[in-house]
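Engineer: Here are the chains, one letter per residue:
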Amino acid sequence: MRIEFEVNNRPVVLDTEPDRRLLDVLRDDLGLLSVKEGCSEGECGACTVILNGRAVLSCLTMVGQVQGGRILTSEGLVKDGELHPIQKAFVEAGAVQCGFCTPGFVMSSYALLQRNPNPDEDAIKQALSGNICRCTGYAQLIEAVQAAAKANNE
Amino acid sequence: MSEYFRPLTLGEAVNILADKHPKLVAGGTDMMVMVKSGYRPQAWMDLTALEVLRGISLARNELVIGAMTLHAEIAQDPLVQEYARALADAAAKVGSPQIRNMGTIGGNIANASPAGDLLPPLYALNARLDLVSKSGRRIVPVNEVFTGPKRTSIRADELIGWIRVPARDGLWSDYARLGTRNALSISKVGVALAARVERAGGGVARLRDCMIALGSVAPTVVYAESAMDLLEGRQLTGELVQQVALAAQNDARPIDDIRSTAAYRRAMVAVLVRRLLERVE
Amino acid sequence: MAIVGTSVHRNDAWAKARGAAKFTGDIRLPGMVEVAVVRSPHARARILEIDTSRASQINGVLGVFTARDIPGKNLVPLVFQDMPALAMDEVRYHGEAVALVVGDTREAAWAGARAVDVKYRVMDAILDPIKALDKDADKLHGNDNVFRRWTVKKGNVDKALQNAHLVVKGTYHTPYQEHLYLEPQSMVAWWSDEGYIEVHGSMQCPFYVRDAVAAVLGLDLSSVHVIQATTGGGFGGKEDVPSTIAAHAALASFLTGRPARLVLSRDEDILVTSKRHPAVIEYESGFDEQGRLLGVKARYVMDAGAYATLSPIVLWRGTMHAAGPYRVEHVDIEALAVATNKVPCGAYRGFGEPQIHFAFESQMDIAADKLGIDPIEMRLKNALEPGDTTATGQVLKKDVGLVQALNAVREASSWDSRFETPGRKQGTVRRGLGVSAVYYGVGLGAAGQALDRAGAFVQVMYDGSAVFAVGTVEMGQGMVSQLSQVIAQELGVSIERVRALPPDTNLLPDSGPTVASRTTVMSGNAVLNACARIKQQLLEATAGILNEPVDALTIEPGRVTGKNGAATLDEVLHRCFLERRDLASTGWFKSPETTWDEKKGQGSPYMTFAWAANVVEVEVDTETGVVTPIEIWAAHDVGKAINPAQVRGQIIGGSLQGLGYGLMEEIIHKDGLMQNNRLSQYIVPTIGDAPKINAIIIETGFEHGPYGAKGFGEQPLIGIAPALANAVYNATGKRVKTLPITPERLFAALHDDKTVD
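Chains as they are written, first to last, in the working numbering: chain G, 1 to 154; chain U, 1 to 281; chain S, 1 to 757.
Keep in mind that a hint or two might mislead.
Calculated Cβ distances over 10 Å to all of chain U for the following chain S residues [said to hold, decoys possible]: (1) L62; (2) N143; (3) I227; (4) K398; (5) G423; (6) R497; (7) L583; (8) E593; (9) E623; (10) M664; (11) I668; (12) Q681; (13) P743; (14) E744.
Stretch-level coverage of chain G by chain S, calculated; a stretch enters the list once three of its residues show a Cβ under 8 Å from a Cβ in chain S [to be verified]: (15) 29–41; (16) 58–67; (17) 86–96; (18) 101–113; (19) 131–140.
Derived by calculation from the structure, the hints in this document are not laboratory data. As the structure is a prediction and not an experimental result, all values here were calculated from the model. Backbone N, C-alpha and C define an ideal beta-carbon position, used for all residues, glycine too.
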C-alpha cells in the first residue's frame with residue numbers, strides 16, 4: 001500500500017504493508033535510529049515520537065494509521081548540526097547515562113514544552129511518566145526540562 | 001498478508017465490516033502487542049480516519065462521545081469534567097501520556113478488560129453504547145454488553161459509534177483506583193460512584209439514584225448492589241458510610257493474580273468506597 | 001585549574017542526546033541475518049526429539065541449529081564449566097535455549113522458532129532451595145545441590161550469644177530482582193572465512209564474551225575479535241549473560257556464513273537472563289546492655305537457579321560482608337548457593353550484598369528499638385573506624401568514612417529533631433524515618449584476584465587531541481568521561497578533544513570484567529600509568545624549549561609551565577614531532593594484594609571498602625498498605641569524586657533501583673514457570689514513584705586510588721531497602737522481614753492479628 005506522511009519536515013512516500021509497526025518503518029526503512037525499541041508493548045517509552053503534535057509510541061502504531069500525518073523524531077530536532085535546546089539541557093543537567101532511553105525522554109519533553117512552556121515539577125513528572133529510565137533516578141531529567149524551559153523563555 | 005481498509009465514512013466502514021469481517025484498529029495500543037507476536041487477521045479496518053467518531057458534544061441531556069475520542073481528550077474536556085467527572089478522572093489515569101494520546105474510549109470498551117479504567121465510570125453513569133452496523137443502529141446499556149473478560153456481545157458486523165452518557169445537573173461522580181505504581185499502571189481495584197446529592201437545609205447529605213461500579217474485582221465490572229440499596233435516600237452518616245463500605249466489599253468477587261490478591265482487593269473495595277463517600281460534596 | 005574533581009559534562013552525552021550513539025540494534029551490515037531462539041516451556045524436562053522439518057520450510061528461514069551443530073564445545077565457560085550454550089538432553093529452567101533459527105528477517109526467524117517441534121518428557125522440578133538441601137531431594141548438582149559453600153569464623157559465637165544481654169533472631173526473605181537495563185541483550189557476529197570472527201554487542205565483559213565464542217566455535221582466542229558497542233545499561237545483567245547471547249549469534253554466523261544478529265525481545269530478556277538471587281537468611285545477633293554488638297551467627301541461602309554461572313562468587317561477596325560494617329569479635333557465617341530448576345541468577349549491582357544488608361540492618365534496628373537506643377546512635381556505637389578490624393580479620397586503613405556518613409545523613413535529614421519512637425504514631429497516614437549503614441568491598445577481591453588487573457592505551461596527537469582505550473567498558477556509568485578527565489588533567493589536553501575508542505579484545509590486554517565497582521581504580525590507574533610515560537615525553541620536550549630541568553615543570557591545561565616561563569601545548573607537541581617522540585603508550589595496573597584463607601574463614605579480602613549511610617522517610621497509608629517514599633538522604637564515602645555530578649548520578653540512580661527492590665520489584669513463579677516476564681508486569685519505579693534523593697559525597701582518600709578515588713557505583717542500591725523497612729517500622733510498628741514491601745504484604749501485616757515479627 002502507498003503510504004504518505006511527513007517525517008522531520010520532509011515528505012515520505014512508501015510502498016509497504018500497512019500493518020507494520022511505525023517503529024520498524026522509521027528504523028529500517030528510513031534509518032531513523034534514534035527511535036529505540038525497549039519493550040515492544042508501550043511500557044518503556046523509548047520509541048516515543050511526536051505524531052501530529054502528540055507524543056505517541058511508535059511500537060504500538062500501525063504505519064497505515066499515520067497516513068497523511070506529521071512525525072517528528074529526535075533527529076528532526078537537530079538544526080544545522082546544533083543540538084536542540086532540550087537535547088543540550090539533557091547533556092548539561094547530567095540527564096544522560098546509558099543513553100538508550102534518552103531520545104524518548106527528549107521527545108516527551110518536547111511535546112510537553114510545546115503545550116506548556118512553563119511547566120511546574122508536577123507537570124514535568126506527569127509528562128515524563130510514560131518513559132522508563134533505569135540509570136538516573138529521574139532527578140536530572142526533571143532538572144533538564146526545567147533548564148530547557150528556562151532557556152526557551154529567555 | 002492481511003487486507004487493509006481505512007474508511008473515511010461510517011457508511012463505508014459498516015459495509016467493509018459486513019463484507020470482510022476485519023479486525024478493528026482504533027488506537028492500536030492493545031492490537032499491536034498481538035501483531036508483534038505474529039497475529040495477522042484476514043483483514044484490518046483502521047478507524048483512525050473516521051473523524052465523525054471523534055469528539056464530545058452535549059445534546060438533549062446527554063454527553064455524546066465519539067468512540068475514537070482519545071483518553072487525553074476525554075480527560076481534559078470541560079463537558080466531561082462537568083457532567084461525568086468520574087470518567088474524566090479515569091481517563092486521566094489510564095496508562096501513560098503516550099497511551100492516553102493513542103488509546104480511545106471505543107477501544108477501551110471493545111477490548112473488555114476487567115481492569116479497563118473507563119468501564120466502572122461508564123457503568124456508574126448509566127452510559128449507553130450506540131452500535132452501528134449495515135443493518136442499522138441499536139442503543140444498548142453499557143452494562144449489558146460485557147459477557148466476560150475480553151468478551152462482549154457486540155456483533156461482528158457492528159462497531160461502537162458513540163458513547164452516550166446521561167448529563168444531569170447536580171449529578172456527582174468520582175473515580176478512585178489503586179494501581180501497581182504511580183504511573184504506567186494497571187488497576188488492582190477501581191471504584192466509580194455516581195449519585196444525585198440532596199442536602200436539605202444544609203444538613204447531612206442524602207444520595208439518590210446512587211450507582212457504585214467496581215472494576216478489576218470480577219470477570220466484568222460489577223455493581224455494588226447491596227451497597228447501593230443501603231445508601232439510597234438515607235442520611236450519609238459516618239455509620240452508614242461504614243456499613244456501605246462493608247456491603248460493597250461483599251459485592252466484589254475478586255481473584256488472586258500477578259497484580260494483587262483477592263483478599264487485598266476485597267478489603268480495598270471497602271476503603272475506596274468509603275473514601276469516595278467521604279469526598280461527596 | 002583542576003579538571004579532576006569538577007563536574008564536567010560527559011563527553012559521550014552529546015551523541016546520546018541527539019540519538020546518534022550506535023547501539024547493537026543500530027548496526028546494519030550487508031547480508032545480515034536475524035537469529036531467534038527456541039526456548040524451553042518447562043522448568044525441567046527431557047528432550048526426546050527436536051523436529052526442525054516444519055521450521056526449515058518456512059519462507060525466509062535459512063537454518064535451524066541444535067547442540068549437535070556446535071563445532072567446538074557446547075559450553076559457556078565461567079566459574080564452573082556446567083552451562084551448555086544449547087540444551088542437549090535435558091532442559092533445566094523455563095526459557096533455556098534449545099535451538100537457534102536463522103532467518104533473513106526477524107519475522108521469519110521468529111516464525112521459524114515457533115514452528116520447531118520439540119518433544120519433551122516433563123520431569124519433577126526442584127523449585128525451593130531449602131527443600132533442595134534435603135538429603136533425599138533429587139540432585140541437580142553434585143550430591144547435595146550446593147554449588148558453593150563459604151564460611152566466616154571468628155571467636156566463639158555460641159558463648160557470646162549465651163552471655164549477651166539481648167539476642168535478636170530473625171528470618172529474612174528477599175526476592176529476585178531484574179536489571180531491566182533499557183537496551184535488551186543484543187549481539188552481532190560476523191564470521192569471515194579468513195578464519196576469524198568479529199563480535200559487536202552490548203556487554204560489560206568483552207573478555208568473557210571472547211572466551212565463550214572461542215569455546216563454542218573451537219577457535220584460538222586471537223581469532224575472536226570482540227568489540228563492545230554502545231551499551232544501554234548493565235547493572236550486572238551484562239556481565240556473564242552476553243557470553244551466551246554472543247555464542248548464539250556466533251554459531252548462527254559461523255553456520256550460515258552471514259553476519260548474524262540476535263536481539264532479545266523484552267519478554268525473552270526478562271525470562272532468561274540472570275537476576276539478583278532470591279535469598280533466605282536466618283540471622284542471630286547478640287548485644288550487651290549498651291548496644292555493643294557481641295556476636296553474629298547467620299545462615300545465608302541463595303537460590304542460584306539451574307547453573308552455577310557467577311553464583312559462587314556472588315555468594316562469596318555476600319559472605320564477606322555478612323557481619324555488617326561493625327566491630328564484632330564473635331562470628332559464624334555459613335552461606336550456600338543452591339541449585340534449583342529456575343533461571344540462573346548472577347550479578348546484579350550489589351552482588352550478594354543487598355540481601356544480607358537487609359537482614360543485618362533490620363537486626364540492628366530491632367535491637368536499637370528493644371534497647372531504647374536511637375538507631376543512628378546504635379550504629380555509631382558499633383561502626384567500623386580507621387584502624388579497626390573487620391569480622392574477617394581485615395585491618396582497616398584511614399579511608400573509613402562510615403561515621404562521617406552516618407553523621408551527615410543524621411544532620412541533613414534533621415533526624416534528631418524528627419525521629420520519634422517507633423509504633424506510637426496515630427492516624428491513617430503516618431510518617432516514619434529509617435536508617436541503614438552500608439559497606440562495599442571495592443574490586444574483585446581475593447576470590448577474583450587473578451582477574452584483577454587492567455590495561456589501557458593512550459595516544460596524544462600532534463594537534464592536541466587524544467584518544468584512549470581501556471579493557472573495561474562504558475555502560476552508562478560514566479567511565480569514559482572520568483578517564484577523559486584523568487587524561488586531560490595529566491597531559492594538559494582539552495577534555496572536549498579526548499575521544500574514547502571502544503574496548504577491543506585484540507588490541508587491549510585482558511582487563512577482567514567491568515564489575516565490582518572496580519573500573520575507577522583499575523582502569524583509572526592503568527590510564528595514569530600510560531599517561532606517566534607520555535607526560536615524561538612532554539616534559540622532556542618542554543625542558544628543551546624552556547631550558548629548565550624536567551622536575552621544575554608542571555603540566556596545566558593547554559600549556560607547560562616552568563619557573564621562568566611557559567610553553568603552549570602546541571609548541572610542546574611541535575617539538576615532540578621534530579624530536580620524533582613517542583606520544584602513545586600502554587598502561588597496566590594490578591590490584592594490591594588481597595587474601596582469603598578458606599579453611600580458617602578469615603582474611604583481608606578487599607583492597608579497600610566504600611562506606612555509606614542512608615536515611616529514608618516514608619508515608620504509610622495504613623488502610624491501603626501503600627508506602628510512599630518521601631525523601632532519601634544518601635551519604636557515600638567515595639574516596640575522591642573525580643566528577644561530583646556523575647557521583648551524584650550514581651547515588652540517585654542506584655538509590656531508586658534500591659527503592660524498587662524494597663517496594664515493588666519481584667518475579668513470580670507458578671510451578672516453576674515465570675509469570676510476569678513483561679514490562680507491564682515486572683514493576684519498576686517510574687518518575688512518579690521517585691522521591692527526592694539527596695546525594696552527599698564524603699571523601700576520605702584511598703591510598704591506591706587515582707587521586708584517592710575508590711569505586712562505589714554498586715553501593716547506592718544496597719542500603720535503601722533496609723532503611724525503607726526500618727522507616728515503615730518506625731511509622732507503623734510493624735516489622736516486615738520479606739521484600740518487597742508491597743501494599744498487599746504490608747496490609748496483611750497491619751491488619752492480621754498475628755504480628756509479622
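Engineer: Please go over all the hints and tell whether each is borne out by the structure.
Structural biologist: To see whether the hints hold, each was checked on the structure:
A cut-off of 10 Å between C-beta atoms confirms that L62/S is not in contact with chain U; the least separation is 19 Å. In this structure N143/S is separated from chain U by more than 10 Å, as the shortest Cβ-Cβ distance comes to about 36 Å. Every beta carbon of chain U lies more than 10 Å from that of I227/S, the smallest distance being close to 30 Å; the non-interface claim holds. Its beta-carbon lying about 43 Å from the closest one in chain U, K398/S satisfies the requirement of being farther than 10 Å from that chain.
Every C-beta of chain U lies more than 10 Å from that of G423/S, the closest at about 22 Å, which supports listing it as non-interface. The claim that R497/S lies off the interface holds: its Cβ sits roughly 39 Å from the closest Cβ of chain U, which is beyond the 10 Å cut-off. Every C-beta of chain U lies more than 10 Å from that of L583/S, the closest at about 50 Å, which supports listing it as non-interface. Remark: the non-interface label on E593/S is consistent with the geometry, its nearest Cβ contact in chain U lying 46 Å away (cut-off 10 Å).
The beta carbon of E623/S is not kept farther than 10 Å from every beta carbon of chain U, the shortest such distance being approximately 5 Å. Distance check on M664/S: its Cβ comes as close as 6 Å (rounded) to a Cβ of chain U, failing to clear the 10 Å threshold; non-interface status is violated. With a closest Cβ-Cβ approach of about 5 Å to chain U, I668/S is found to fall inside the 10 Å limit, against its non-interface label. With 10 Å as the threshold on Cβ separation, the claim that Q681/S sits away from chain U is violated: the shortest Cβ distance comes to roughly 6 Å.
Residue placement check: P743/S does not keep its beta carbon more than 10 Å from all beta carbons of chain U (closest about 7 Å). Distance check on E744/S: its Cβ comes as close as 4 Å (rounded) to a Cβ of chain U, failing to clear the 10 Å threshold; non-interface status is violated. Counting residues of the stretch 29–41 of chain G whose C-beta sits closer than 8 Å to any C-beta of chain S gives 9, which meets the bar of three, so the coverage hint holds. A count of 0 residues in the stretch 58–67 of chain G with a Cβ less than 8 Å from any Cβ of chain S is obtained; the coverage claim is therefore unmet, three being the minimum.
Counting residues of the stretch 86–96 of chain G whose C-beta lies closer than 8 Å to any C-beta of chain S gives 7; at least three are required, and the coverage claim holds. Residue count for the stretch 101–113 of chain G with a Cβ under 8 Å from a Cβ of chain S: 4. That meets the three needed, and the coverage hint holds. For the stretch 131–140 of chain G, the stated coverage by chain S is satisfied: 10 residues place a CB nearer than 8 Å to a CB of that chain, which reaches the threshold of 3.
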